[in-house]
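Novice: Which chain is which? The protein sequence lines are A and B, in order.
For the first sequence, this note's numbering gives the first residue as 1, with consecutive numbering after it.
For the second sequence, this note's numbering gives the first residue as 1, with consecutive numbering after it.
Derived by calculation from the structure, the hints in this document are not laboratory data.
Small disclaimer: the values here were computed from a predicted structure and weren't measured.
All copies of an identical chain are treated as equivalent in the list; a pair is satisfied when it fits inside any one copy or across any two copies.
Straight-line Cα separation of at most 20 Å, EDC-like style, residue types lysine to aspartate or glutamate; simulated pairs:
(1) Lys309 to Asp294
(2) Lys178 to Asp250
(3) Lys199 to Glu187
(4) Lys389 to Asp294
(5) Lys376 to Glu328
(6) Lys310 to Asp294
(7) Lys309 to Asp339
(8) Lys113 to Asp74
(9) Lys178 to Glu251
(10) Lys176 to Glu230
(11) Lys310 to Asp339
There are 2 protein chains.
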Amino acid sequence: MIGEIIAIGDELTSGRILNSTSYFAASHLYSAGHEIAAMATIGDQPATIGSALKRSIERADFVIVTGGLGATTDDLTNEAVAHALDRPTILYPEIFEKIKQSKSFKEMPSLEKLAWLPSGAEILKPGEKIAGYMLVYQGKPIFFLPGVPHQMRELMLDRVIPRLATWGDNTVSLVKQKIFKVFGLPEPLIQEMLSSFEKSNQELRIGYYPNAAEVHVSLTVRGESHAETEKQFQQGENTIKNILGCCIFDEEGLTLENIVGNSLREQNMTVALAESCTGGLLSHHITTVSGSSDYFLGGIVAYSNGLKKKLLQVKQLTLEKYGAVSRETAKEMARGARDACGADLALSVTGIAGPGGGTPEKPVGTVCFAIADKEKCVAMQYHFSGNRKIVQTKSAMTGLDLLRRHLHGLDFLESGW
Amino acid sequence: MIGEIIAIGDELTSGRILNSTSYFAASHLYSAGHEIAAMATIGDQPATIGSALKRSIERADFVIVTGGLGATTDDLTNEAVAHALDRPTILYPEIFEKIKQSKSFKEMPSLEKLAWLPSGAEILKPGEKIAGYMLVYQGKPIFFLPGVPHQMRELMLDRVIPRLATWGDNTVSLVKQKIFKVFGLPEPLIQEMLSSFEKSNQELRIGYYPNAAEVHVSLTVRGESHAETEKQFQQGENTIKNILGCCIFDEEGLTLENIVGNSLREQNMTVALAESCTGGLLSHHITTVSGSSDYFLGGIVAYSNGLKKKLLQVKQLTLEKYGAVSRETAKEMARGARDACGADLALSVTGIAGPGGGTPEKPVGTVCFAIADKEKCVAMQYHFSGNRKIVQTKSAMTGLDLLRRHLHGLDFLESGW
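Chain A on its own, in the form it takes in the complex:
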């Protein structure tokens, strides 16, 4: 189906807030097989809202409208809809009862406004504290969603995408979707690896969404029966897993930081870090997880060679013979961090983030890692492209991925991208 998206709010047209909800909607609708012909962002003026809505519904098969559903005076979507589509607002008693029971109602009687919706509105999550409804106009669905990003996302995924999947033609069309998070392969390579499979299967669609140093691969299958959809989906899932193997680190919505943390906790192990070029970024990633103090002891950011020697016991000879960015130095850093922090496991990273410091033998983007446990110490060398920030990000995330691979007994890749 062809759709349009309308985002409403003066905070968007004045550039005070970046519109990320339309982007979220577009990317998920696209993955589900729809096409977005146009996205509009307009201010809180009822006349503008009305005419934008009428124009969109004439051109498109469906329309998503976000924002302007709240209780304050600049929330004007419902009035605009009532007027433009000739659907006068009526009181929805079941909503009003809920509002009357809430604590805030006494202080803010204006909340009653939330119970007045255009006639014909079908509440998307009845009984729950989340605004959002669907109207059918000239046989086409219009979804009105809150502008608050997390509420809008919830309704998009739980209500809008499933409703659209079965809309319209009489054949029952079913959609099943899954996201595979991939690390260690660049997006163009993943596309190339999966392209011939995708081309030979018209029923499924594969989407690619780079996300910092990760790539999120979506598999969407649209079948005409439950059994057929399941079969196609299973085949698609198996193929993607066979081709991308252990570069897929998640299928359940977890982050790399969560996965590494869960494995450390399960194996009852502690970890310490020795960072040079990432300057603390890898430590920080680990500590974004609440409760990471269960397994993360700490780390040493040895940015100068002096500190590599003093705090991590890296030998002067090693620095002279192999350089600060070398497998040899990385190994001594990892062992040094393990000893200094008394951890079961230690990871080190040392590299040239640029823009300065590169040489023909070791260009900017050369990064060495080592992992030490009580038995052995293994080092790896990578080469990453990109500016300073990108090299630092890729290095930190690769460090996390190496911990994942070590903890799961997987091979290390040694390449870069």
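With the hints as your guide, set chain B onto chain A.
Specialist: Frame of chain A, contents of chain B only:
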């Protein structure tokens, strides 16, 4: 003036790329005193581009169009414009000469396309390697800018905003703008501090843009003569500086990381860090600056109490008596980091990022800092609101700001927000 913004590209309507250029344009146009009535995002279809453009130019006083100016087959803006506005494309010989001289032309003769523009197009930066032109249609300016964010931003600031400032009415209208970067005060408080001044001065406009833990305050003055604009601007600048004082850390487009780094370099000092709740984030911020190895030696991420004792010489008694999150522990951490790293200056941070770990006396968001130099060691306690990520970000940036204040001989605030 009332304007509209049109962003063109299938990568936007398919949700592959988040549209940040329209946001940038809207926020700067708004600050410059214009109003954006609508923003549209459309795919690479010439008919859609043409009709969107015609509709916008009928309604608005000016239009900004971004994207679709490149040399590939899906760059269709120029053709769409030529057709919709009846301005057939013609060869611009001065552009074509430049292209013929470039190395890439031999391999990519399709680059010639860049020299064919709608007749009447006025190149925005003639002689430079950046696409972008202005067309006047029915007396109204339409600006066509590249979709590449940094190129689009350059042309918006250098060409579009100045051209619009003097457009239209015959009175010479001048616009002068400046951004003040503020740290340590929450946005609503800054608004309150400046609101009465803004209300009493119709010629100037103050904008507020929260940016991570910072707030960027823009001052825009629109006068009818050069002298009047200058006078109003000077008055506005003086007032803002008087009211916000040393919470303004930059007026020249530098980051807090740059400013701290420059001061350390000028004073020929080295710095080391001891981090607990920020888990390396502060170290990482310092190392985002290329060349930071000149002054940043490194740091110790002492996430566990064991490492605070082992690597930073924090006393068991101090931890027991005052707790890990206390001015006393912060002081020992700062002294310990200074000694361990052999730095001139050391900063420590220890706090409760949450969601767990809070107590009635020390709720989530309590964060202590200390700065040690060769003479003394000073500690401060703050309280920050927000989730784990926000508390970590505010803590790391406050650490940087404390270094700035120490290096510039300014007072420390001790509050939080």
